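Enquirer: What follows is each chain in one-letter form.
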Amino acid sequence: MSSIAVPKRSPLSEALKGARHAAADYGSIWSWIATVDHKRIGILYGISAFVFFVVGGVEALLLRVQLAQPDSSFLDPDAYNRLFTMHGTTMVFLVVMPMSSAFFNLLVPLMIGARDVAFPRLNAFSFWTFLAGAIFLNASFFTGDILSGDLGAPDGGWFGYAPLNLREFTPGHGMDFWMLGLQMFGIASLAGGFNFIVTILNMRAPGMTLFRMPVFVWMTLVTSFLIIFAMPVIAVALVELTFDRLFDANFFNAAAGGNPLLWQHMFWLFGHPEVYILILPAFGIISAILPTFSRKPLFGYAFVVFSGIAIGFMSWGVWVHHMFTTGLGTVANSAFGITTILIAVPTGVKVFNWMATLWGGSIRFRTPLMFAVGTVAMFTIGGLSGVTHSMVPSDYQQQDSYYVVAHFHYVLFGGAIMALFGGVYYWFPKFTGRLMNEGLGHLHFWLMLIGFNLTFFPMHISGLLGMPRRIYTYNSDMGWDLWNLMSTVGAFLIAVSVLVFLFNFFRSLRRGEESGPDPWDARTLEWSIPSPPPEYNFKEIPTVTSRDDFWHQKYREDETGRIVPVLAGGAVDDEAPEHETEGEHGHGIHMPSPSYMPLIASAGFPVVATGLIYDYALVPVGFALILIGLFGWVLEPATEEE
Amino acid sequence: MAHAAATDHLETSTGIDNRKLLMWLFLASDCLLFGSLIAAYLLYRGRSVVGPYPEDLFDIPFTSVSAFILLMSSVTMVLALAAIQRGNVRNMRIWIFTTAVLGTLFIAGQVFEFTEFNHEGLSLSTNLFGTTFFVLTGFHGAHVTVGVLILMSLFVVSMRGGIQQKDSLAVELAGLYWHFVDIVWIVIFTLVYLIQP
Amino acid sequence: MLRVGAVKRPFTGFQLRRLGRFIPLLALLALFALFLSGCDTDTPQNTFDPKGEVADKQADVFYWAMWPAIAIMILVLGGLLIIMLRFRERDPKHIPPQLHGNTRLELAWTIAPVILLLAIGIPMVATVFELGREPSEDAFRVNVIAQRFTWEFQYPEYTDEDGTPLSVFDQSGFHIPAGREVAFYLESVDVIHSFWLPKLGGKLDVIPGQVNVLWLRADEPGSFSGQCAEFCGLNHANMTMTVIAQPQAELDAWAAEMLE
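Chains as they are written, first to last, in the working numbering: chain R, 1 to 642; chain L, 1001 to 1197; chain F, 2001 to 2260.
Rather than coming from a laboratory, the hints here were simulated on the basis of the structure. One should not assume that every hint holds.
Claimed, not checked - Under 10 Å between C-beta atoms, here's a sample of chain F residues computed to sit facing chain R: (1) T2047; (2) V2114; (3) D2190; (4) P2198.
The structure displayed is predicted, hence computed values, not measured ones. Using N, Cα and C, we set each Cβ at its ideal position, and we do this for glycine too.
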């Protein structure tokens, strides 16, 4: 469909042209607001996710201060309930998912030899919608009387079970912010999921067959499929909750015959694939780091890829393991117990592949490797406690106790978060041209590893000693005091380690040693271009002839079978050319033009949501914004007019 | 679409146009949306504590007519695509307009039906039937409405000469969406109206 | 200028000495050892101190998974440590043989876990059925009513002259017979709660609109601590209970006294 240009030289067209000129000035803030460049969007996601990591971390510290001692009154139960709800919701939806998106954005086009994703403006739309949702959700804190300690944040838990989530039992607007904010995250994730599937399937460089793609790209692909099928289910659950809370519907109303368990089934049908959405990108990162720092390829590429795909399918068949204690009966519990046991296999097999990758290698103890190995170790512990959960009768004791809290923090923090940090240290040089400091990196790693284990290992014990979840206090004769105190100390140690990371990050941005294009002697395509990459990524789209193509450009086998460098192989070490200024398209490569339309469309969502909660008059205003943004998006010209 | 990305001119690795692949993925995802809503309806069928109940309210002949209208709109949609693929812009316009009109008629039928049921005492809050029925069919109706908006947008663009034979993909994508919405209605009509336990 | 990707030497400001690298590891191991000491505490809700048949069997099931899990943990963590030490870089120019995989090995380490898991899975399923059976005919029946934020026990076996069952709240003490199967019929009047007496057995959720049935047995007389295990709102943390198991005769006497 060709563009419908706004009539030339009208005031509107002049204003639009001015806005576009501002966006094209590469250093300006407008260029960030209107960016459709996957690398910039990746950075925006990364910064946002990290900010919310700190927010969620502070929420956790407050919880831990309250629990450090029995019968503490540091937080009243109302504040406690809101903080743990926000901590969980934040960490899942505002930290791990967007941080994974940051990596998808930064890396996937580079790893497959593309110039950008398939739909750059849809990509920007994903980010702005996510950010709108994140700000909207956190705004709820301020809807109470925050100065007197009355937080307006949601208080139904991150899982929001029915019927507690209904207005009758959780009045106030907190849950409304929660259910509508989550919808925005859903939309953002869905858009991202579609975008990355099309990008990966359709935009690979010539010669890059699916089985020559880096494992990180495979994990992105599987994760994206999980997203596009799982998010609609929770969207519907949230819609049903919205209708119950705002319009007196009966989806979860037991008195009208509704079944509260319907919520749980839908939530976990989404929720279980969701946890694989959270961990598979981390697996992809590990699968990139370990080979580089062992100087050998990933052991068993096909097995690792197939096990990722297997997890994708099997993750749909285990959701009831979150509901073993709801009384569904022996047959259901047994069946899902078996499927849960079996899903440990494709997950666990990867650990052996990773160990075998290190085996026989020439291992360099750089910070990314430390985090990668730490991830494998911690994830193994978390996975094993997961296997104990799959033993249904013993899960009847473990469910809803701190043992579960230990399990999922081992896999989500020890697994996902540590891998994400490893990824930051690994790819920081690629996107900034500088290395992060190794000494500080090691310090961060050890403080975090020790702090993490000190925080979460005792929870296995307090859980098995009968401490339930989500309690704001406990009394002293339960025998939980020491374990809780240890957890609190560990939590503050984690916080210190994060400060070390922050110091390292900012210092390295300004004064880090220059890295060049390939500081790690790595294997995949992103290392073959300058650091930071030019706007267009590749001067020429490469033709790929093997897996780990870049490595094979650098090294070959000689007659005796030894690996030797190829002369003149390796990265192009040009200085990144000047950013394209208005009117110039260096190298004759046309990159997608920046656009404000995704942001405008995204801005409509919080307006609609606010309207639904406070004043219906805002709802059409919000929809109008969305429509304006969408129509503008579809109708705007492909290239700047001069 | 208006925006030509840097990559538009390249061959895609699968040979399928990016936008077509996107539409298929979107429709696959939308299957789970409707699947969840239909599942809620079916799980709660027969469990309403108070009436009115489906058998009190359903007017199968009426709903059959509106289902037929929607089905016919898929036929006209196919004709619209066939026209533009042959380069016949005028006919494409006619058939797209007709499709939009038929879709609007369907919506009008839904509105009428909802109003009737409401007068008989059925609302979102009355019982499980009201809750699940209105949310499910309401979401479907919203999808149809969006479809009509898309079709009318294409019509307007076409009136300004913006759709030529080479732009047939836009019509094809609208058609995919429209057929999907129609198929969902066939499923809903069968499970909700026709098959009574 | 083209050059082969080179590894820069790291900045060594804070770098630990070779051996010093192991201090944090030792700290971790010390911590693990400390943690293991938690297993023997005699605390009110310790699931490792089963006082009833159900809790006992559930603890057994846990051990079936726990020991292999610990073994695997030692294997993997120990293995990683050994690998890191043995294959650390000695010559920066050395590129090791580029092994891509070994299908037989990978099949083996895929199939072996399946076998191990099924080996513990099948008896696990048997236990699910064993513990999930209907309560026996002569079980002592208690109706448990959960509400925010208190428990109520109703005893259909102890009724007053009008036929109203005895109803008690926690302050009066929840009494059950010792040495006899007790069937708890769980109902909620508001939100989902969860009934948990850890030393007698695992929990069962209490869901409005349905009745869930849990049977437990206290082997000996004693006092058992429990609490709600499903987040139910503001005072969830305080929705506790103490259940006292006593010989049948004493129980009957208590009930008669309560009914006056």
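Enquirer: Is the hint on D2190/F kept, meaning its closest Cβ partner in chain R is under 10 Å away?
Expert: 7 Å, holds
Enquirer: Given a cut of 10 Å on the nearest C-beta pair, is the interface hint for V2114/F held or broken against chain R?
Expert: 6 Å, holds
Enquirer: Does T2047/F hold up as a contact with chain R if the rule is Cβ-Cβ below 10 Å?
Expert: This interface hint holds because 5 Å falls under the 10 Å limit.
Enquirer: Tell me if P2198/F is really an interface residue toward chain R, meaning its C-beta lies closer than 10 Å to one of theirs.
Expert: At 4 Å from the nearest chain R Cβ, P2198/F passes the 10 Å test, so the hint holds.
Checked against the numbered hints above, the structure violates none of them.
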